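Could you put the whole structure together from the sequences, leaning on the hints where they help?
Residue numbers (numbering that gives the first Met the number 0), protein chains in the order written: chain D, 0 to 574; chain S, 0 to 574.
These are computed hints drawn from the structure, not numbers from a lab.
Just so you know, these numbers come straight off a predicted model, no measurement behind them.
Just so it is clear, CB atoms sit at the ideal spot from N, CA and C, and this is done for glycine as well.
Careful: at least some of the hints might be erroneous.
Below, computed lysine-lysine pairings styled on PhoX-like, alpha-carbon distance capped at 25 Å [said to hold, decoys possible]: (1) D/K499 with S/K298; (2) D/K302 with S/K438; (3) D/K438 with S/K124; (4) D/K457 with S/K539; (5) S/K438 with D/K124; (6) S/K392 with D/K392; (7) S/K392 with D/K556; (8) D/K389 with S/K527.
Beta-carbon label-pair distances, calculated as ranges [what the hints assert, rightly or not]: (9) S/H550 with D/L260: 19 to 29 Å; (10) S/L562 with D/N509: 23 to 33 Å; (11) S/H550 with D/K399: 35 to 45 Å; (12) S/H550 with D/N509: 28 to 38 Å; (13) S/L562 with D/V560: 36 to 46 Å; (14) D/M543 with S/R548: 37 to 47 Å.
Here is what each chain is made of, one letter per residue.
Number of protein chains: 2
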Amino acid sequence: MTVLPIEKFVPAVGWLRSYSFQDFPGDLTAGIITAILLVPQAMAYSILAGLPPEVGLYASIVPPILYALFGSSRALAVGPVAVASLMVASALGSLALPGSPDYILAALVLSALIGLFLLIMGIAKLGFLANFLSHPVMSGFTSAAAIVIAFSQLKHLLGLDIPRGARIDEAILYIFGHITDANSITVTVSVISLALLFVLRRYFGPILMRVGFSEAIANTLVKAGPMFVVIFMTFLSARMLWNETAGLVVVGSIPAGLPPLTLPEFDFALWRELAISAALIALVSFVESVAIARVLASKRRQKIDVNQELVGLGVANLGAAFSGGSPVCGGFSRSVVNFSAGANTQLAAIITACLIALSVLFFTPLFYYLPQAVLAAIIIVAVLGLVDFKALKVNWVYSKSDAAAWLVTFAVVMAEGIEMGIIAGVGISLILFLWRSSKPHIAIVGRVGSSEHFRNIKRHQVRTCPHVLAIRVDESLFFANTRYFENYILSAIVDQPEVKHVVFICSAINAIDGSALESLEQLITDLKSAGVTFHLAEVKGPVMDRLQRTHFLEHLKPGEVFLSTHEAFKALDCV
Amino acid sequence: MTVLPIEKFVPAVGWLRSYSFQDFPGDLTAGIITAILLVPQAMAYSILAGLPPEVGLYASIVPPILYALFGSSRALAVGPVAVASLMVASALGSLALPGSPDYILAALVLSALIGLFLLIMGIAKLGFLANFLSHPVMSGFTSAAAIVIAFSQLKHLLGLDIPRGARIDEAILYIFGHITDANSITVTVSVISLALLFVLRRYFGPILMRVGFSEAIANTLVKAGPMFVVIFMTFLSARMLWNETAGLVVVGSIPAGLPPLTLPEFDFALWRELAISAALIALVSFVESVAIARVLASKRRQKIDVNQELVGLGVANLGAAFSGGSPVCGGFSRSVVNFSAGANTQLAAIITACLIALSVLFFTPLFYYLPQAVLAAIIIVAVLGLVDFKALKVNWVYSKSDAAAWLVTFAVVMAEGIEMGIIAGVGISLILFLWRSSKPHIAIVGRVGSSEHFRNIKRHQVRTCPHVLAIRVDESLFFANTRYFENYILSAIVDQPEVKHVVFICSAINAIDGSALESLEQLITDLKSAGVTFHLAEVKGPVMDRLQRTHFLEHLKPGEVFLSTHEAFKALDCV
Numbered sequence: 000m001t002v003l004p005i006e007k008f009v010p011a012v013g014w015l016r017s018y019s020f021q022d023f024p025g026d027l028t029a030g031i032i033t034a035i036l037l038v039p040q041a042m043a044y045s046i047l048a049g050l051p052p053e054v055g056l057y058a059s060i061v062p063p064i065l066y067a068l069f070g071s072s073r074a075l076a077v078g079p080v081a082v083a084s085l086m087v088a089s090a091l092g093s094l095a096l097p098g099s100p101d102y103i104l105a106a107l108v109l110s111a112l113i114g115l116f117l118l119i120m121g122i123a124k125l126g127f128l129a130n131f132l133s134h135p136v137m138s139g140f141t142s143a144a145a146i147v148i149a150f151s152q153l154k155h156l157l158g159l160d161i162p163r164g165a166r167i168d169e170a171i172l173y174i175f176g177h178i179t180d181a182n183s184i185t186v187t188v189s190v191i192s193l194a195l196l197f198v199l200r201r202y203f204g205p206i207l208m209r210v211g212f213s214e215a216i217a218n219t220l221v222k223a224g225p226m227f228v229v230i231f232m233t234f235l236s237a238r239m240l241w242n243e244t245a246g247l248v249v250v251g252s253i254p255a256g257l258p259p260l261t262l263p264e265f266d267f268a269l270w271r272e273l274a275i276s277a278a279l280i281a282l283v284s285f286v287e288s289v290a291i292a293r294v295l296a297s298k299r300r301q302k303i304d305v306n307q308e309l310v311g312l313g314v315a316n317l318g319a320a321f322s323g324g325s326p327v328c329g330g331f332s333r334s335v336v337n338f339s340a341g342a343n344t345q346l347a348a349i350i351t352a353c354l355i356a357l358s359v360l361f362f363t364p365l366f367y368y369l370p371q372a373v374l375a376a377i378i379i380v381a382v383l384g385l386v387d388f389k390a391l392k393v394n395w396v397y398s399k400s401d402a403a404a405w406l407v408t409f410a411v412v413m414a415e416g417i418e419m420g421i422i423a424g425v426g427i428s429l430i431l432f433l434w435r436s437s438k439p440h441i442a443i444v445g446r447v448g449s450s451e452h453f454r455n456i457k458r459h460q461v462r463t464c465p466h467v468l469a470i471r472v473d474e475s476l477f478f479a480n481t482r483y484f485e486n487y488i489l490s491a492i493v494d495q496p497e498v499k500h501v502v503f504i505c506s507a508i509n510a511i512d513g514s515a516l517e518s519l520e521q522l523i524t525d526l527k528s529a530g531v532t533f534h535l536a537e538v539k540g541p542v543m544d545r546l547q548r549t550h551f552l553e554h555l556k557p558g559e560v561f562l563s564t565h566e567a568f569k570a571l572d573c574v
Numbered sequence: 000m001t002v003l004p005i006e007k008f009v010p011a012v013g014w015l016r017s018y019s020f021q022d023f024p025g026d027l028t029a030g031i032i033t034a035i036l037l038v039p040q041a042m043a044y045s046i047l048a049g050l051p052p053e054v055g056l057y058a059s060i061v062p063p064i065l066y067a068l069f070g071s072s073r074a075l076a077v078g079p080v081a082v083a084s085l086m087v088a089s090a091l092g093s094l095a096l097p098g099s100p101d102y103i104l105a106a107l108v109l110s111a112l113i114g115l116f117l118l119i120m121g122i123a124k125l126g127f128l129a130n131f132l133s134h135p136v137m138s139g140f141t142s143a144a145a146i147v148i149a150f151s152q153l154k155h156l157l158g159l160d161i162p163r164g165a166r167i168d169e170a171i172l173y174i175f176g177h178i179t180d181a182n183s184i185t186v187t188v189s190v191i192s193l194a195l196l197f198v199l200r201r202y203f204g205p206i207l208m209r210v211g212f213s214e215a216i217a218n219t220l221v222k223a224g225p226m227f228v229v230i231f232m233t234f235l236s237a238r239m240l241w242n243e244t245a246g247l248v249v250v251g252s253i254p255a256g257l258p259p260l261t262l263p264e265f266d267f268a269l270w271r272e273l274a275i276s277a278a279l280i281a282l283v284s285f286v287e288s289v290a291i292a293r294v295l296a297s298k299r300r301q302k303i304d305v306n307q308e309l310v311g312l313g314v315a316n317l318g319a320a321f322s323g324g325s326p327v328c329g330g331f332s333r334s335v336v337n338f339s340a341g342a343n344t345q346l347a348a349i350i351t352a353c354l355i356a357l358s359v360l361f362f363t364p365l366f367y368y369l370p371q372a373v374l375a376a377i378i379i380v381a382v383l384g385l386v387d388f389k390a391l392k393v394n395w396v397y398s399k400s401d402a403a404a405w406l407v408t409f410a411v412v413m414a415e416g417i418e419m420g421i422i423a424g425v426g427i428s429l430i431l432f433l434w435r436s437s438k439p440h441i442a443i444v445g446r447v448g449s450s451e452h453f454r455n456i457k458r459h460q461v462r463t464c465p466h467v468l469a470i471r472v473d474e475s476l477f478f479a480n481t482r483y484f485e486n487y488i489l490s491a492i493v494d495q496p497e498v499k500h501v502v503f504i505c506s507a508i509n510a511i512d513g514s515a516l517e518s519l520e521q522l523i524t525d526l527k528s529a530g531v532t533f534h535l536a537e538v539k540g541p542v543m544d545r546l547q548r549t550h551f552l553e554h555l556k557p558g559e560v561f562l563s564t565h566e567a568f569k570a571l572d573c574v
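Spelled out as structure tokens, the structure:
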């Protein structure tokens, strides 16, 4: 099938044109199941972000439809997610009171900024910037964020007024000090919800299988567990009127109706203030979403286009900004549910979005008596799966520096908050990266027997001459390693005062950047003033072409460019 | 000679123990000449930093002596320099009024912070962090800083009150609007000073050589030009009492006496506020100093220890903080003067420091009538040599991305100031770096004829089998390139649905970091679920040892580890 030009920008055109109605049953089932999972999650994560529950529902309508059109993954389910919601709360917490109109407006600006960042990165093909985040950093970050999120829900579970912005240690002290003030009905509801969620998760699947459901269907139905708990507890709470009789906090009235058309305020000071937070949320959202999308795509031998993902996520977040939603990205558990419930195309996501739109239109009164403690329990059960100390252990055994990156990121998130944590993580990744890249492998080589082969003097029995130093760098030369090879060569000639010629073997050098060219010229000058001539050997064609555009080869004189190391040795009387 | 343990920490012990009195005449001459150059420079750069002139002189006494003891360079001359002084002015400008007691105290804190940063980096052996700054970024930064410095001196040259903090375009507009307010005597003094400085620079050397001085001595004496101009103009200004009769601004009284013992205030808020500026100044100072030290050392086949340089510069800056000075680093022109005037050891720097101490004790009254316009002229002549548009041109021809880095850094310094400029420069360097590193060279290989050699299918005529895909990555695997090779392999198997086995040839892989290991495991799982088995071939010993510490090899099953690509092909029935 030919690829229409528009398909390059709107991948949906591709799957829509070739849509086969055999795919429809899978898409429909997946759409329904995902919606059942998403409704409680969307409300819960919205509250976690400090926003009213409907904002999370709005974010599950327009943004996923836009992602369905512009994203490249077939099965990624987009909406509010836990870690990004915590980052939203942390970004907006100092600007306005959670839940206040100013806070909601600022959330729209944040969504718009995140969308713009992602879209610009996608158009400029900057997907490689996700490399700023290494796996251990991402794992340490997510684990710590999950613990912070779990603790942040304790106030809902216990019905305690833990002061906003309290650190974990302060929150724990507060709880110990005020445990007698906890609301007993709230605690009861929390305990029942947590117990039900755990029991459903562990035993519901096997029971379903025993009564004859297939493993796939059983596993998918298990994911609807939170919805069962929501329905059951809401029924109980409505029946007993605990909110009126015993002070149980419930979700309350959610405005009915489709998402409003909103316009993120253009207040330059606010945009500027939120820019860094937005960039960090964009980065984390992107890395998470692509990781999930890639896992799912590879299971069916489909491709993910990283830059198209940026465009899809960017447009989705812009959609959130204009439809009263909060920032969105791909969620792990819901994408897996969507995929294993049979989603073949993004039509499943569109069906999910339509079902959520229906529930916002007609079913919001049903959530009036839903206790917030139930949503808190759902959040806790969802995020505890993200805590991954095993990754630390594996890294510790395999690579101490990766384990250190994990630990530092984890510790900084716990001590200094989620934004500083991700900044510290990126910083550490970069430092490890620079450290690693700043030391290319360098070998001093000599002749093997009387052959034309030259090998590392440390590993092979080779012959050398005192007046010739032949050095091979096994990496392209660029600014991160210029200092190292400069130093290496200068040190070598200091240690061997009888050296008169340096032969620089370029067989493994694919490119020389501007910094390295300048370093080489400086090195040549320095060596000249120390009475040493610098020669090149085995320079690759493309490298030579670029050198010839500069004055480098004149500068090299009396140094020469030899075709091979053998010729260099012959010309320098080292036989 | 044996190396005493203390020499590792105090390199001066080395050259002091082995000091030969043959070195003394050179050290003495260099010490005197450098002092003559340094006195006017120290005062001028101090005024540029917004500090009283004596602060620059204090910074030229204790810090260079400390550097002499702890630094590893034999010829580096340490003291206040132009670019760092501009950065100091920019860091402190928003905190206090230049020259006020608060401003001077903040400068001490800044010196202490810079010293601590450098010292900690040195002790932790983080010298490689200087790789954050590529040559084009450093060149664009210095060029723009030099222009900013030159413009900042116009107010002294013209005797105009250009508002503090004005951008270059605002300053130019102000000058055009107020040119009639310029002080005529000040302008006259400036023109004469600039003319003398240029004439001395260009014609003094040839004249000296014609009357019989050697080229080396002539070139060195030329460097004393600024001191001649200072003496001549001060004499003129004192004789005519222009400061009283015509409003010429003069340096005025400088307190006599040795540097005071000062204690940088421990005000946590101030330390925190100055931390980023201090880190940036430390980075720039370090990169500059090491570049100069390395050039000079290599001329005499001496070595520079990058981490020891950090210690030396760190201790020097701490010394500045405790002796009333301003931040210091190695200066290019004065180090070259010191070196070419014959400095053999840091004794020359100690002699310079003693001479400056003498002049602070006894000669400060002589500078009373020194016009500030003369110091401004000295600054302008000194910094204009730093503007290096040629570097832009060379980079443009050789490497567009390096030229872009130069231009962006230059433009951001001009538009947003010196700190944002260096931050932008570091950012661009890192992005270029990541971009470059994120795309390792990958080849799909096939068998050459019926040999046991395997080569890139794009470059050689080779035989392959449809069910086996053999891939060779020509770089170590680590987090910056994991996404690329993952994607590459997943794309390749999507394009070739008949592939059942992937053979991953590790002959060029020296290390696999934690992120890459995790990616490989994920890739193996993904490939399994797509019905493809993943095998390794030609794994190096150290890499294999580390893999065996994990569960990777169990995870790999039924994939195998083959000794060679040939064996892999044989086992997979691809002959």
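To see whether the hints hold, each was checked on the structure:
no.	hint	result
1	D/K499 with S/K298	holds, 14 Å
2	D/K302 with S/K438	holds, 18 Å
3	D/K438 with S/K124	holds, 14 Å
4	D/K457 with S/K539	holds, 17 Å
5	S/K438 with D/K124	holds, 14 Å
6	S/K392 with D/K392	violated, 51 Å
7	S/K392 with D/K556	holds, 22 Å
8	D/K389 with S/K527	holds, 23 Å
9	S/H550 with D/L260: 19 to 29 Å	violated, 53 Å
10	S/L562 with D/N509: 23 to 33 Å	holds, 28 Å
11	S/H550 with D/K399: 35 to 45 Å	violated, 18 Å
12	S/H550 with D/N509: 28 to 38 Å	holds, 35 Å
13	S/L562 with D/V560: 36 to 46 Å	holds, 38 Å
14	D/M543 with S/R548: 37 to 47 Å	holds, 43 Å
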